[in-house]
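Taken in order, these protein sequences are the chains called C and S.
So the first sequence is residues 40 to 359, counted in our numbering.
So the second sequence is residues 80 to 413, counted in our numbering.
Treat the hints with caution; some may be incorrect.
[What the hints assert, rightly or not] In silico negatives: residues of chain C with every beta carbon more than 12 angstroms from chain S:
1. N83
2. G85
3. L148
4. L169
5. I171
6. G174
7. G187
8. H218
9. V241
10. L242
11. G283
12. S298
13. N321
14. I328
15. L332
[Stated by the list, open to error] Covered, in the sense of this in silico footprint (three residues per stretch, anywhere, with C-beta under 8 angstroms from a C-beta of chain C), are these stretches of chain S:
16. 221-229
17. 271-282
Keep in mind that the hints were calculated from the coordinates and are not lab data.
Values in this document were obtained by computation on a predicted structure and should not be read as measured data.
Ideal Cβ placement from N, Cα and C applies to all residues, glycine included.
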Amino acid sequence: MNAPARSVTYRTRPLPAIVPIGLFVVVGAVLAGHGFASERNIANLGLQASILLMLAMPMTLIIMSEGLDLSAGAVLSLCSVVMAMMLAGGHGLVAALAASLGVGLAFGLANGGLVSLLGLPPFVVTLGTLGIAQGAALVLTEGNAVSGLGPGISALYADHIAGIPLPVIIALATWLVTHVLLYHTRFGAYVFAIGGNRDALVLAGVRASAWHIAIYAYGGLVSGVAALLLTGRMNAAHPTVAIGMEFDAIAAVVLGGTSFERGDGRLLGTVLGVATITVLRNALDLLGIESSLQVVSIGVLILVVIMIDSARRTWRVHPA
Amino acid sequence: MTSSHAAAARARVPLAHWRHHFASENAALALRVALILLMALLLALSSDAFLSTANVLNVLRQASLMFLLATGLTLVILCGGFDLSVAANLTLSACLAAGVIKSGASPWLGVATALACSTLAGALNGLAITLLRLPAFLATYAMLWILQGLAFHYMGGQEIYGFPPAFRALGTGFLLGVPVPVYLMAAVLVAGTLFTRSTNVGQEIYAIGANPEAARLSGIPVRRRQLLVYALSGLMSGLAAVVYLARVNAADSGMGEPLLLPVIAAVLIGGTSLFGGVGSLLGTVLGAIILALVINGMNLLDIKAQWQPLIVGVVLLAAVLVDVVGRGHRERIG
Chain C
40 MNAPARSVTY
50 RTRPLPAIVP
60 IGLFVVVGAV
70 LAGHGFASER
80 NIANLGLQAS
90 ILLMLAMPMT
100 LIIMSEGLDL
110 SAGAVLSLCS
120 VVMAMMLAGG
130 HGLVAALAAS
140 LGVGLAFGLA
150 NGGLVSLLGL
160 PPFVVTLGTL
170 GIAQGAALVL
180 TEGNAVSGLG
190 PGISALYADH
200 IAGIPLPVII
210 ALATWLVTHV
220 LLYHTRFGAY
230 VFAIGGNRDA
240 LVLAGVRASA
250 WHIAIYAYGG
260 LVSGVAALLL
270 TGRMNAAHPT
280 VAIGMEFDAI
290 AAVVLGGTSF
300 ERGDGRLLGT
310 VLGVATITVL
320 RNALDLLGIE
330 SSLQVVSIGV
340 LILVVIMIDS
350 ARRTWRVHPA
Chain S
80 MTSSHAAAAR
90 ARVPLAHWRH
100 HFASENAALA
110 LRVALILLMA
120 LLLALSSDAF
130 LSTANVLNVL
140 RQASLMFLLA
150 TGLTLVILCG
160 GFDLSVAANL
170 TLSACLAAGV
180 IKSGASPWLG
190 VATALACSTL
200 AGALNGLAIT
210 LLRLPAFLAT
220 YAMLWILQGL
230 AFHYMGGQEI
240 YGFPPAFRAL
250 GTGFLLGVPV
260 PVYLMAAVLV
270 AGTLFTRSTN
280 VGQEIYAIGA
290 NPEAARLSGI
300 PVRRRQLLVY
310 ALSGLMSGLA
320 AVVYLARVNA
330 ADSGMGEPLL
340 LPVIAAVLIG
350 GTSLFGGVGS
360 LLGTVLGAII
370 LALVINGMNL
380 LDIKAQWQPL
390 IVGVVLLAAV
400 LVDVVGRGHR
410 ERIG
């Protein structure tokens with residue numbers, strides 16, 4: 040499937056530490072019991088992972104390009120609010136999705152433009168747009184949940200194709216699209232190049248800024264689609280519902296071995312990161328451990344994985 | 080400009096160079112004072128309540144709280160780093176201090192708990208950045224969520240409120256008609272300015288921010304200094320937590336989060352550059368007053384609290400823009 044990526048560097052680069060640790064988490068979750076391996080819970084896992092996977096796919100490209108998007112959760116919340124308000128106002132699903140995509144795209148273009156054209160540091164830019172998106176969602180809803188969306192969107196969320204839940208199919212499609220973009224198009228090559236050596240790309244006559252903006256714009260568009268899942272799941276929208284979701288997405292990317300500094304990484308690593316975080320959260324849920332401590336455990340997991348990866352890198356450079 | 084800091088850490092620079100340096104810095108500070116006066120004038124014209132004694136003291140109290148939280152962040156940014164965890168650090172240490180005081184222990188034990196916890200968190204940030212070589216924003220972002228998660232867990236959705244008057248005086252008391260937090264702000268400003276301007280370690284912080292490689296080559300212990308600024312950032316979060324707790328008389332797990340964007344904006348508006356090595360604590364005081372005026376103005380003009388993240392987000396982006404434009408200007412004039 041990913042034949043062109045199996046270049047020399049692909050094969051010689053060792054597996055990130057997330058592979059054994061992810062396996063460890065899954066085995067631990069199964070052994071801990073509490074109904075983890077039940078059919079119902081497995082289906083639930085797929086649904087839980089789908090929104091996170093959608094946020095983590097563009098986040099991988101953004102981090103590969105030496106960027107960061109702290110606004111992803113707030114933009115997703117705003118998209119969900121806008122979609123819900125359109126539906127509650129009697130507009131169709133298509134119009135609501137278009138509005139959500141428009142909002143996501145606008146924030147993506149703003150993030151990308153500020154980062155790329157003006158050379159502003161991504162984490163501060165996206166912190167600013169986080170505030171703007173969060174504020175806009177609060178102002179639009181006056182802090183209340185939006186409900187009364189009609190049955191359309193929740194029916195869509197509950198739909199199946201060939202026995203697979205539609206949200207899972209949408210998330211897997213996002214993975215496929217991102218994979219093709221990253222490994223089979225010029226856009227993907229430029230993503231690696233912008234992270235590796237943006238100046239060289241500019242000197243080679245490529246309009247690096249446009250491609251750089253496109254990375255963030257893609258993230259915004261995917262948030263617009265992900266709002267479909269988020270809104271459908273609750274059949275309502277809340278202005279702060281997805282705040283903090285970017286933490287899980289960034290954690291999945293970092294756990295998956297994508298580097299902030301060298302423009303390298305693997306999409307598959309992020310998928311494993313998403314799976315590990317979803318299983319970890321689900322298992323802790325079943326053990327009755329609250330969400331706040333799950334966040335702490337993900338933070339600690341990041342540090343452990345990074346320590347292992349950096350120790351192995353040192354060992355490879357200076358073997359004992 | 081940047082080279083002047085690096086050189087100053089090791090050798091005397093010609094007096095003329097310094098004079099030029101102070102002249103441009105004074106102009107920048109004067110610009111911010113003018114902005115404050117303009118905002119005050121506009122607010123006084125649009126709201127009768129603005130110039131009341133109670134409101135002016137309120138703005139100063141708000142500014143001193145933001146300044147205390149922003150002091151450590153200023154040092155970190157001067158040193159070329161960043162600390163996203165300051166507000167979450169404030170939350171956790173305020174919650175722990177509240178728990179200690181409410182359990183019947185001496186309020187000073189609560190203060191000590193807050194300072195110890197926040198300094199430890201700051202030092203852990205420093206270790207993750209210097210030993211694990213994590214990018215600063217990533218390490219402190221993970222720390223943000225770890226501290227926030229611990230605070231949620233500790234509070235369990237509850238609020239702790241009602242503290243002894245002796246402790247509350249730290250936030251609400253007056254001395255000669257001036258609020259106690261304003262004295263704290265002045266003390267931290269004087270001590271911090273002496274530290275950054277007149278000690279070798281302070282000058283080394285500027286040098287590292289301006290050019291870490293040059294600083295390392297000139298014999299500055301870069302990683303030890305970085306560890307120090309992150310620990311100081313933690314300590315200042317703890318101090319801000321104590322003052323905030325004493326002022327609002329209640330702790331909950333969401334108390335610090337709304338401060339993060341305004342505090343970052345205050346540092347940048349104060350003229351400290353995100354690219355390191357340029358800025359001052361005096362500038363941050365002015366930035367904190369500007370942000371306090373923005374927030375106070377929104378209250379006086381009856382703008383709903385829901386607008387606050389949006390407006391502060393725009394202010395933050397404007398501050399970063401000004402920083403980048405100013406940097407380009409500084410580079411052009413060399």
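Each hint, compared with the structure:
No Cβ of chain S approaches the Cβ of N83 (chain C) within 12 angstroms, the least distance being about 23 angstroms, so the stated non-interface status holds. For G85 (chain C), the requirement that its beta carbon stay farther than 12 angstroms from each beta carbon of chain S is met, with the minimum near 25 angstroms. With a cut of 12 angstroms on Cβ distances, L148 (chain C) stays outside the contact zone with chain S, its closest approach being about 14 angstroms. Distance to chain S contradicts L169 (chain C) as a non-interface residue, since its nearest Cβ pair spans about 7 angstroms, not more than 12 angstroms.
Not every CB of chain S lies more than 12 angstroms from the CB of I171 (chain C), the least distance being 4 angstroms, so the non-interface label is violated. Against the 12 angstroms criterion, G174 (chain C) falls within the reach of chain S, whose nearest CB is about 3 angstroms from its own CB. No Cβ of chain S approaches the Cβ of G187 (chain C) within 12 angstroms, the least distance being about 21 angstroms, so the stated non-interface status holds. Every C-beta of chain S lies more than 12 angstroms from that of H218 (chain C), the closest at about 25 angstroms, which supports listing it as non-interface.
Separation of V241 (chain C) from chain S is adequate, the least Cβ-Cβ distance of about 18 angstroms exceeding the 12 angstroms criterion. The beta carbon of L242 (chain C) sits about 20 angstroms from the closest Cβ of chain S, which is more than 12 angstroms, so the claim that it is off the interface holds. Not every CB of chain S is more than 12 angstroms from the CB of G283 (chain C) (nearest about 7 angstroms), against its label as outside the interface. Consistency note on S298 (chain C): stated as away from chain S, yet its beta-carbon is not over 12 angstroms from all of that chain's, at 10 angstroms minimum.
The non-interface label for N321 (chain C) is consistent with chain S: the shortest C-beta to C-beta separation is roughly 17 angstroms, beyond 12 angstroms. Residue placement check: I328 (chain C) does not keep its beta carbon more than 12 angstroms from all beta carbons of chain S (closest about 10 angstroms). Not every C-beta of chain S lies more than 12 angstroms from that of L332 (chain C), the closest at about 5 angstroms, which undercuts listing it as non-interface. By the rule of at least three residues with a Cβ nearer than 8 angstroms to a Cβ of chain C, the coverage given for the segment 221-229 of chain S holds, with 7 such residues.
Interface restraint, the segment 271-282 of chain S with chain C: violated (0 residues with C-beta to C-beta distance below 8 angstroms; minimum three).
Comparing the model with each numbered hint stated earlier shows that hints 4, 5, 6, 11, 12, 14, 15, 17 do not hold.
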